[in-house]
Each structure stands twice: as C-alpha cells, then as structure tokens.
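J.: In the order they appear, the protein sequences are chains V and G.
The first sequence begins at 1 in our numbering and counts up by one.
The second sequence begins at 1 in our numbering and counts up by one.
Warning: the hint list may mix true and false statements.
[What the hints assert, rightly or not] List of simulated lysine-lysine pairs, BS3-like, C-alpha gap at most 30 Å:
#  : chain 1 : residue 1 : chain 2 : residue 2
1  : V       : LYS313    : G       : LYS313
2  : G       : LYS295    : V       : LYS157
3  : V       : LYS141    : V       : LYS123
4  : G       : LYS319    : V       : LYS32
5  : V       : LYS49     : G       : LYS313
6  : V       : LYS49     : V       : LYS32
7  : V       : LYS116    : V       : LYS78
8  : V       : LYS341    : G       : LYS42
9  : V       : LYS79     : V       : LYS116
10 : G       : LYS49     : V       : LYS313
11 : G       : LYS341    : V       : LYS295
12 : G       : LYS157    : V       : LYS295
13 : G       : LYS42     : G       : LYS32
14 : G       : LYS32     : V       : LYS49
15 : V       : LYS319    : G       : LYS319
16 : V       : LYS319    : G       : LYS295
17 : G       : LYS313    : V       : LYS319
18 : V       : LYS313    : G       : LYS32
19 : V       : LYS319    : G       : LYS32
20 : G       : LYS295    : V       : LYS158
21 : V       : LYS32     : G       : LYS313
[As the list claims (entries may be wrong)] Simulated restraints, written as ranges between beta carbons of each label pair:
#  : chain 1 : residue 1 : chain 2 : residue 2 : range
22 : G       : ASP195    : V       : ARG39     : 49 to 57 Å
23 : V       : ASP296    : G       : GLY5      : 44 to 52 Å
24 : G       : PRO162    : V       : ASP327    : 15 to 23 Å
25 : G       : PRO298    : V       : ASN159    : 25 to 33 Å
26 : G       : LYS32     : V       : LYS158    : 47 to 55 Å
27 : V       : PHE368    : G       : PRO162    : 37 to 45 Å
28 : G       : THR89     : V       : GLU50     : 49 to 57 Å
29 : G       : PHE46     : V       : LYS341    : 46 to 54 Å
Hints listed in this document are in silico derivations from the structure and should not be mistaken for laboratory results.
Where a beta carbon is used, it is the ideal one built from N, C-alpha and C, also for glycine.
Number of protein chains: 2
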Amino acid sequence: MLINGKHQQTIWVNEQDEILIQVFDQRHFPHKVEVFDIRTTKDAAFAIKEMVVRGAPLIGITAAYGMYLACIEARGEKKPNLYLAEAATELNATRPTAINLAWAVHELLSAVHKVKDPEERIKVALQKANQLKEEDVAISKNIGLHGLGVIKEIAAKKNGEPVNILTHCNAGWLATIDWGTALSPIYHAQEAGIDVHVWVDETRPRNQGANLTAFELNEQGVRHTLINDNTGGHLMQHGMVDMVIVGTDRTVRNGDVANKIGTYLKALAAHDNNVPFYVGLPSSTLDCSIADGVKDIPIETRDGNEVKYMQGKVDGEIKSVLICSEDTPALNYGFDVTPAKYITGLITERGICEASEEGIRSLFPEKFG
Amino acid sequence: MLINGKHQQTIWVNEQDEILIQVFDQRHFPHKVEVFDIRTTKDAAFAIKEMVVRGAPLIGITAAYGMYLACIEARGEKKPNLYLAEAATELNATRPTAINLAWAVHELLSAVHKVKDPEERIKVALQKANQLKEEDVAISKNIGLHGLGVIKEIAAKKNGEPVNILTHCNAGWLATIDWGTALSPIYHAQEAGIDVHVWVDETRPRNQGANLTAFELNEQGVRHTLINDNTGGHLMQHGMVDMVIVGTDRTVRNGDVANKIGTYLKALAAHDNNVPFYVGLPSSTLDCSIADGVKDIPIETRDGNEVKYMQGKVDGEIKSVLICSEDTPALNYGFDVTPAKYITGLITERGICEASEEGIRSLFPEKFG
Chain V
1 MLINGKHQQT IWVNEQDEIL IQVFDQRHFP HKVEVFDIRT TKDAAFAIKE MVVRGAPLIG
61 ITAAYGMYLA CIEARGEKKP NLYLAEAATE LNATRPTAIN LAWAVHELLS AVHKVKDPEE
121 RIKVALQKAN QLKEEDVAIS KNIGLHGLGV IKEIAAKKNG EPVNILTHCN AGWLATIDWG
181 TALSPIYHAQ EAGIDVHVWV DETRPRNQGA NLTAFELNEQ GVRHTLINDN TGGHLMQHGM
241 VDMVIVGTDR TVRNGDVANK IGTYLKALAA HDNNVPFYVG LPSSTLDCSI ADGVKDIPIE
301 TRDGNEVKYM QGKVDGEIKS VLICSEDTPA LNYGFDVTPA KYITGLITER GICEASEEGI
361 RSLFPEKFG
Chain G
1 MLINGKHQQT IWVNEQDEIL IQVFDQRHFP HKVEVFDIRT TKDAAFAIKE MVVRGAPLIG
61 ITAAYGMYLA CIEARGEKKP NLYLAEAATE LNATRPTAIN LAWAVHELLS AVHKVKDPEE
121 RIKVALQKAN QLKEEDVAIS KNIGLHGLGV IKEIAAKKNG EPVNILTHCN AGWLATIDWG
181 TALSPIYHAQ EAGIDVHVWV DETRPRNQGA NLTAFELNEQ GVRHTLINDN TGGHLMQHGM
241 VDMVIVGTDR TVRNGDVANK IGTYLKALAA HDNNVPFYVG LPSSTLDCSI ADGVKDIPIE
301 TRDGNEVKYM QGKVDGEIKS VLICSEDTPA LNYGFDVTPA KYITGLITER GICEASEEGI
361 RSLFPEKFG
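Could you put the whole structure together from the sequences, leaning on the hints where they help?
T.: Following this line, the structure appears as structure tokens:
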C-alpha cells in the first residue's frame, strides 16, 4: 500500500545487501517514517518484542527472516541445528499470544531441518521466508476480496450513504506485508468505488489505532474519524456503525478470537445493537489445538508503564507523558478473547465461515489433523 | 476527604473574603494541587466549562455559588431579575448533560426571586448555596452508607479475599463536596474494615480515572490499580471484578443512566459475566421529565482535540502530546447512556432501588409531580 504516495511493503530484503532485512519502524508512526535494520536473529527478536513491527502476520514473517539470519549465524557452528533450535526458542518467546509467530518459526525450521550444507541451508531459508511473505500478500488480498462481498451487501442497503465501519487496533497493511487483514476489505471496497468511512478506535495503551490505522487510512485516502475506545458503544446505539471488523492474534477451535484488549467490549456492543461483527484472519492465526479460547488462550501481560505513560509528539519531539501519579500501580493485559457467539463471521483467505468448529472445519479441514 | 493527610472539601467560601469562592483546580491533578479563585459569575461559568471543576454534584454547587456572585453583581442593576436570568442562562449553557446544574441554578433563582432588597438577596443566595453544599455532603454520606450494605454482602461471600470493585471516570469526593457518589460506599467500606481493591478505568479522553480517582484513592489509602478503558471486560470474564459502581450525570424516568462515555461498555461486560453493576446517585441527578434515556438525553460533543492530544507530565511540566497525525479528524462524545436493563440497582441517599420507573417512584414519589 501507499506511504507518501509510493507503493511499499512492511518488510523487505535490502536490494544491495542480501543479509540485511529492513522494516518500517512502527514505534514512531505517524510522526516519523523510519526504516529499522535487522541484521541478526537478536535484531529480529528485538524488533518483535519491542514492537518495531507488530501485527500477527508481520510478526510471523519477521520471525521467518529471523530464522533465515539464524541460518547465516549457524554457518560456523558445530551443531547448527542446536543453534537454530535456540534461535527458534528466542523468537518464540518474544510475543506469546501471536500463534503465527510459532507457526512461521516452525515452517522455517522444517524447511531447513534436513539441509546439511550451510550455504544451501541459508539459500533454502531465504527462499522459504520470501515464499511465506508472498503467500501472506496473497492471503491478505483474498481476505479483502471475500470481505468486499459483505461491504457490498451493506452498501446496497444504504442508498448511497457511506458505509460506516468500526475497527479496533491496527489490522491493516502495517500489520501484514500488504493490504492487511481487517482493513483489506475496506481497501478493496474503496477500489470498488464504495463510499466507506472508518471509525478508528485509538486503542490504548499503545494507540495503534491513532498511530497506525488512522495513518495508513490517510495515506490511502480512505475517509476516517479517530475516536476514544470508550465511544464505539454510543455510536452503535445510535445507528452510526454498519459493521465492525477487527483482526485477530489467535482464533481457536470453538471460534473464540483473541485480539487486542478491548475487542470483546466492542463485540458486546455490536451484539447489543445488531451490528454485524466480523473478524478478518489469515488461517495461520488458527490454533485448533485449543478448544476453549476464553479459558485457555494465554494472555500476555505487558509493562504497566504503557498504561501510565502515553507517547506522542510535543515541541517537535516524540515524548511520553505521565498520566497519573508516579506511584500509581497499573496493570496491562495486551489482549482479550471475544467469545464466538458474538462473532458474525470469520473472513478468511478461503471465504467466510461461522465462528465455530463446524464453520472453521468447513474451510480448513486440514487444521483438524 | 484527605489531601496530603488534611481534611478538605472541593469548594469553599474564603474565610477572609466572603465574595471569594475557591475550588481545587482539577485540571492539573495529580501533578499539581492548586486552588482556583472564583470571583464572578463568569469565573464560575469558566470553571465549569473548562473543567476546573467537574462531576455533576460539584458542578451544581459551583453554579449555585455562581448565582450567589451574580446577586452581588446585580446589586446596582435596574433590572436585577433580568441580570440573574441572564447569569442563569450563561451557567446552564456550560455543560448541557449535567441535570443538576440546571437544578442548582433553579434552586438559587427560586430562593432569591421575591427578595427585593439587594443586600438581603445576596445574603439569602449565600445561605442557599451553603445549604445546598451541606445537603450534598449529607447525600454523599448516605449514598455511602447504603452502598456499604452491598459491599458487605459481597465481602461476606469472599472469605477474607479483597472485594474487587471496578469504577469508570471519577465519581469520588472530587466530583462532589465530600465522600463522593460512586466512591462513597468504597470509603465507607474502608472505614468498616473491609478489604477493598479498586480497578480504576483511566477514562479517556480526559483521564479522570488516572488523574482524579487514582489520586483520591491514593490520598485516602485505598488499594487500587489503574487500567486502560479496554481492560474491564477481560477482568470480568476472568472473575477479577466483584462489582462495578459508577456515578451518573443524569438518570431518567425509565432508569436509563447517562454517565461518562464508555460506561455503557462496562455495563454490557458486567451483564455478560453476571457482575453486579450499580450506579451511585444523588437524587438531584434524577430527571423524570425524560422518559427514554437512550433516545432523549442530550449528549455533549466536546472538542476533538481532547481525543487527539493527551495531557500529562513530562520533563517536570504538564504538557499535551499529539497521538495521531495533525490532520486526523476526531470526534468526542462526552457521555453515553446505559440502558436500565443492565443496571443492578441505583444507590441513592434514600436507599437502593431498581433502575426503573417503579423503583425510582418507590423512593422519590415527589419527582413524578
């Protein structure tokens, strides 16, 4: 998608230097557009842990390239597979909620597992990472095309009035390689000439809505309005939202969806006001090993300072302001789980299904082993 | 209640100077504890509009003193009642959602309406404002005593475990004169030796939870944890909240409750997880002229910059940081309405009733004319 009118992806191999992976540093969006260099597995782990990159699909691809870099680092090791296993552990530990982090690491490990020659191993790893990246673009595109159908149906009932779509956090192209998951249908609707307007939840504590979603919608020319996380219920009560669409970090067998903290509250409001609530997801975020999402998805607790401080621009610099007393205790859960019963449908790269075991099985039978 | 260990109220007549009304300037809590001087009706209107003071009961009392100052200003007027009517209009226009702003202004107007002598009018107005203030303290205390009963019942089932209470925004003593509305039961529980712990919603956009509720709980020594507004649903899903209690700006005939934006979302989560959801309210916030709260309570739209900027302390100063691009459009509703069906009970100065016309009528028959 576009940054400053130029088509970009979120992660790429440097054209001059094949052992340099580059990403947009998403920590300073929208105030600064900067590139972050990943030269080692440790850099990749840092980028994921410190949220230089974020969003389940992009985390996965970054980890894949991190494993590619681990193959380079393992070149001189006596026990390269041990080195790779340790690198995998390090990468997996960075963000416990995102299931396709583990998936991507596993894909890379499997690809190189039996390759004995170090140079060949590096080559295979790079090919695999590139392949996963290209697949991710295709997946995002297909989610968009399937979701477009839903938006078209709503638009048909609105007699030329704009379709108002609420989203939480950022599941746009900045969370993937291109197009996005939750936002891909919106970009496809825009391309199809449908008048869309997006309500953007700011998404405390890290404000990915304000920083990233508003930014990428603006770069793409999609009409949008920033709101506080508290506002969506009121909008839905008053007919100002036609549809909610969010991303997910992990969707489990019964259709429960883990996503950014606060998603569950929006799902409740959507349910209470008969607003359709959709989740856009690549199948890499499906985790059919877990039966009950609310009970069993591990929820990451992050630093309480993310609650106590708020980052933004002041006097031309990016700073964090303290919003409470210094000694105020704070707790910071990164995600919550929305029960399947509040979800209208899962929009996947293979089509739309009900948020249930039956629904998921109908599109992804292979996930049930 | 306490500030720096000393008992204080939120508004008072200066001891040396009877035409000087003073309040704590709540815009810079918890970073600065400063006093704001109100010498004119315009000062009072400014203090309410700019949220130097906030909270429905305190807004009402500030407006009452504003009308007292109007009586002083009207001393030399040929048509003092016209002057007072204009002052009333100015004060009423400052915050459209808070019903007891209009109520307090009306009380003052009624008290002085037939007083011809200018000096006598001033005296009567001051007496009336003082009386409303003392009544507010008694009301808050009684809300606390009635709410204490609810907390005691929950504590009895917890076998010595702390009672976890979630609150949104600030309906503490800083929103009233003393004790508070929603927080008064908590302070009474603390005095009764019950182990309470409060989950404090930060309450974007103005963060009254982080700035005020956390501050006053800390000054009072009540255990608490600050959370983002997105977090309450997750906590309730996981049995970490025993009770929700909030304040209200206006409660109408059918029991619907207007309160700080985001309250409705917490009520939905409480309902979904069988967590009791109470509203603490002085009867001055009852507005039985409105039949349907969700449809008919006017909801104040505030400056979108409150969404785009976040105030806090940085480098020892209070500053606002921009959290999105400068050109991002933002919308800022101040309140939402929680339908009566999601409210377990209304805790009033006369006892606890169901959030319904029947319930309200049982305690306040005079409100139905």
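J.: Starting from the hint list further up, note which numbers the structure goes against and sort them upward.
T.: Violated hints: 8, 14 and 16; rest satisfied.
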